[in-house]
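Novice: Listed below are the residues making up each chain.
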Amino acid sequence: MLFTLINSLTLGMAVFLVAAGLTLIFGIMRILNFAHGAFFMLGAYLTSTMVQDMPGSVWILIGTALVAGVIVGLFGLAVQHFVLSKLDGIDEHFMLIATYAVMLMTVGGIKSVWGLEFHSVDPPPGLDLGVDIFGTFVPSFSLFIICAGGVVFLILDYVIHRSWAGKLAVAIARDNWTTNLMGVNGPLGTKIVVAASFALAGLAGGLLLPNQTLSPALGDTFLLMAFITIVIGGLGNIRGAFVAALIIAVIDGLNTYFLPSFPGVIIYVGMVACLLLWPNGILGESRL
Amino acid sequence: MSSSVAERHSGREQALTLSQINRVLFVAAAVIIAAMPYLTNSGLLYLVGTTLILAVYSVGWNFLFSWAGLASFGSGGLFCIGAYVSAVALRAGWEQYFLLVIVVATLAGAAVAFLVGFVALRRTSGIFLAILTLSLAELLRHTLMHTRWLGSEDGLPNITRPTVSFIFFELNLKSGPAYYWFICAFAVVMLGICWWLSHGPLGRRLQAVRYDIERASFVGIDVHRNRLLAFVISGAVAACAGAVYAPWAQIVTPELSGMIRSTQPILFTLLGGLHSFWGPVVGAFAFMGIDYATRTLIGIQEIITGGILLGVILVFRGGIVGSWNALLARIFPGRGEQ
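Residue numbers (my numbering), protein chains in the order written: chain A, -9 to 278; chain B, 225 to 562.
If we strip away everything but chain B, and leave its shape as in the complex, we get:
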């Protein structure tokens, strides 16, 4: 997003640079999100919390797509794995070890992603990878639907929100707002990690591979290994988001592994802005707004969602973030990054 070089060039002379405008917006949005429990009722709070979790999940997907250039259509399966691990553990009464449960769920997601990626990434890419991952998620959904001890089609209900005990103090997450703030903290930590990975050496290497696979391998980048790493990281983020989601929704069902969940990050990323770190986050909240505004219009909702998506693909390929930056650059010419 903000390139520090451009800032150094224009930031000193101009009163207000583009990245500063975006920064102000960013802080304002963060403050509003953090203050949500004071502003809204519990229904809307639930919606915003879910959107935050899905935003983190989508950023993980986008790391794979926009950085490594691989489109997975089965990330819902990994989200589902995380959610089920967390659900089973919490129902078994391990709530004081909730943080450990999240770590275990994340590792489970990473392990599954490693197995899938290790076999699949060498053999397939593009459309084949899309269908393969879609089928694997569907396989998981069907297996869960017929597994008795995981609740079959009805899933696992009545997941208790945990009370986490640290060495010195205890964190009670039973109430809605308390767990909501826990989600906020989770989002900050995960987005921070993803930001660091995207903009660090790994992110650079992946982008090199995406731009030109032959040159990248020529300068000594192990293409397969880096892609596999991206696949595993993306899977771990999805499972981690799932693990946080389970106690928030208090129920997990096999539908978490369905096509809707797997395509969600794709829609968020596209609407928000491709090849942009914050795109999926913006897209997630935009979609939440559209969904909420059209929630009573059965059928019309899909038409509007589909129409917006088509519009983005045909006209505004940069999504909201891309269009916004282009708009700013137009209103204030010569004030920021190109």
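Isolated chain A (complex conformation):
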């Protein structure tokens, strides 16, 4: 039972790491970014190239993940500059499809650089074994992911809701025009938040890399789960995304426990139920 719970919590936090960036870009630009999964994958591939088969230590893994995040963030700036900023104020369906096109191009780029074969990377020494909690064997890498999810949530929540920069970002998201009038560089702020969103995707890719099978289809799985997370939690709401990730963890745990022959099915049922009960998400839609 505890083992199932830890496993589900790992999944929940992994999904939160991906969903965090997704909800951020929705908060600032009202864009549901289909390309997020592809950039998540790009982060994972970049990290795998840097660490080869196995990262030397936990810190090397975190360091390379950060570097991958920065690189993906730069890609995000380019996407924002050439695509997203051109689409301001048009039908939201075009936005969806534009990000879908960016996703196709990114996946294509990954395929042509890294090829189609599967890669896998082992967890770094120190995280490759397990620990014993109340007589249950728990892989220490799962604990690492759970901690990483928690830390990323706390940092994001602090930056958005407590810091000056976060308040500026919220102001831009709520009313770009008035904020510009107050002497804040709105377009620059938007760019920074978009870059941060992409960087989070890259970081998540790097952190979740060990124990994943790296293939060009990796992005889709996580993308859909992240979509579900932010829809359940309330679009653009970082706290909502965290709560929803926990809910997903519980639902997935129940699924594995009671319906092991249909893994991953109940999440969708839960998502549909949540959406019909709370059409704007559990914590409501928010502009950051």
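Derived by calculation from the structure, the hints in this document are not laboratory data.
Do not take every clue at face value.
As the list claims (entries may be wrong) - Simulated restraints, written as ranges between beta carbons of each label pair:
{"id": "1", "chain 1": "A", "residue 1": "124", "chain 2": "B", "residue 2": "484", "range": "38 to 48 Å"}
{"id": "2", "chain 1": "B", "residue 1": "442", "chain 2": "A", "residue 2": "155", "range": "45 to 55 Å"}
{"id": "3", "chain 1": "A", "residue 1": "-5", "chain 2": "B", "residue 2": "428", "range": "47 to 57 Å"}
{"id": "4", "chain 1": "B", "residue 1": "413", "chain 2": "A", "residue 2": "151", "range": "26 to 36 Å"}
{"id": "5", "chain 1": "A", "residue 1": "155", "chain 2": "B", "residue 2": "484", "range": "33 to 43 Å"}
What the hints assert, rightly or not - If you want the ones that stay clear, here's a sample from chain B, every Cβ over 12 Å from chain A, calculated:
{"id": "6", "residue": "249"}
{"id": "7", "residue": "327"}
{"id": "8", "residue": "436"}
{"id": "9", "residue": "512"}
Stated by the list, open to error - With the Cβ distance kept under 7 Å, some of the chain A side facing chain B (calculated, not the full set):
{"id": "10", "residue": "84"}
{"id": "11", "residue": "97"}
{"id": "12", "residue": "221"}
{"id": "13", "residue": "252"}
{"id": "14", "residue": "266"}
Model, not experiment: these values are computed from the prediction.
Built from N, CA and C at the ideal position, the CB exists for glycine as well.
With chain A's structure known, arrange chain B on it following the hints.
Specialist: Just chain B now, with coordinates in the frame of chain A:
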């Protein structure tokens, strides 16, 4: 596409109007498609047949999008339902009732679309509807992947192409070309029905709702009911296309319900031309051409496809049909519809 009023005004004086140019192109394309079995090998024939089915499927999706203004990202699920119904029935040996099987599959798709639409359309729209439908299709895919009697992840192979018996004669669809012509007939019938629906009272009502939902309901249009009707029709067309697809591919897998299949009509419609009836058809064949030309370039294929899509969204928002009509209007100014 062709507005008869404009024809009446300019068609009598001018030797060649724009709609006539398009009509000539249309007939030529139809003749080439019908003559395909004599022109190509079986590999390419399979590709063209699949494209025809997907074109019908996309026209059904576009009916929902361009007419009712609702974007479903889960139409692949309904396509998949139709394909599985047809696959199960044909494997059970009901091949002489193939036409009935198609009707049953269509009704199954319509029923599922009704259930989904009845609950979802009142509560959600826009992005939420997109995610909801995407998730439902994914739910179906995961369920199929773990359902033993439907073949789990491997799907159902060895679907026999049927021999359909009517009262007086028998129609043997076992060979490739024979089934291909059956697909052509199917496409003509379905496109005809969709054309009739799009340009009839229902299509008008839906467009009124799309332009201004409040005014439409003010003049007495039941918004929810009409949208639901469009949703059901779109689902029925998708399931019908799926039912015809199963014996053509001779295998069905849970991947039919995947995101790729669901986003296909979106890409076709966008490339071909939004708010145009023939847009998805043109787009489907254009995509087939691009795919076929770049089939050996792994990775580059996606980059090209994505690049073209971006180009369409950023520069040519009217797609191929829109750009073509604009081009014609430019070359022959004052000769046709504006």
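Novice: Determine for every hint whether it applies to the structure shown.
Specialist: Hints, one by one, checked against the model:
1. 124(A) with 484(B): 38 to 48 Å: holds (44 Å)
2. 442(B) with 155(A): 45 to 55 Å: holds (47 Å)
3. -5(A) with 428(B): 47 to 57 Å: 56 Å Cβ-Cβ, so the 47 to 57 Å window holds.
4. 413(B) with 151(A): 26 to 36 Å: violated (59 Å)
5. 155(A) with 484(B): 33 to 43 Å: 39 Å Cβ-Cβ, so the 33 to 43 Å window holds.
6. 249: Per Cβ check, residue 249(B) is outside 12 Å of chain A; nearest 27 Å; holds.
7. 327: Non-interface label stands for residue 327(B): nearest chain A Cβ at 29 Å, farther than 12 Å.
8. 436: It holds; residue 436(B) is separated from chain A by about 15 Å at its closest Cβ, greater than 12 Å.
9. 512: holds (16 Å)
10. 84: The hint holds - residue 84(A) has a Cβ within 7 Å of chain B, the shortest such distance being about 6 Å.
11. 97: Where the cut-off is 7 Å and the nearest Cβ of chain B is about 5 Å from residue 97(A), the hint holds.
12. 221: Holds, because the Cβ-Cβ distance from residue 221(A) to chain B comes to roughly 5 Å (cut-off 7 Å).
13. 252: holds (5 Å)
14. 266: holds (6 Å)
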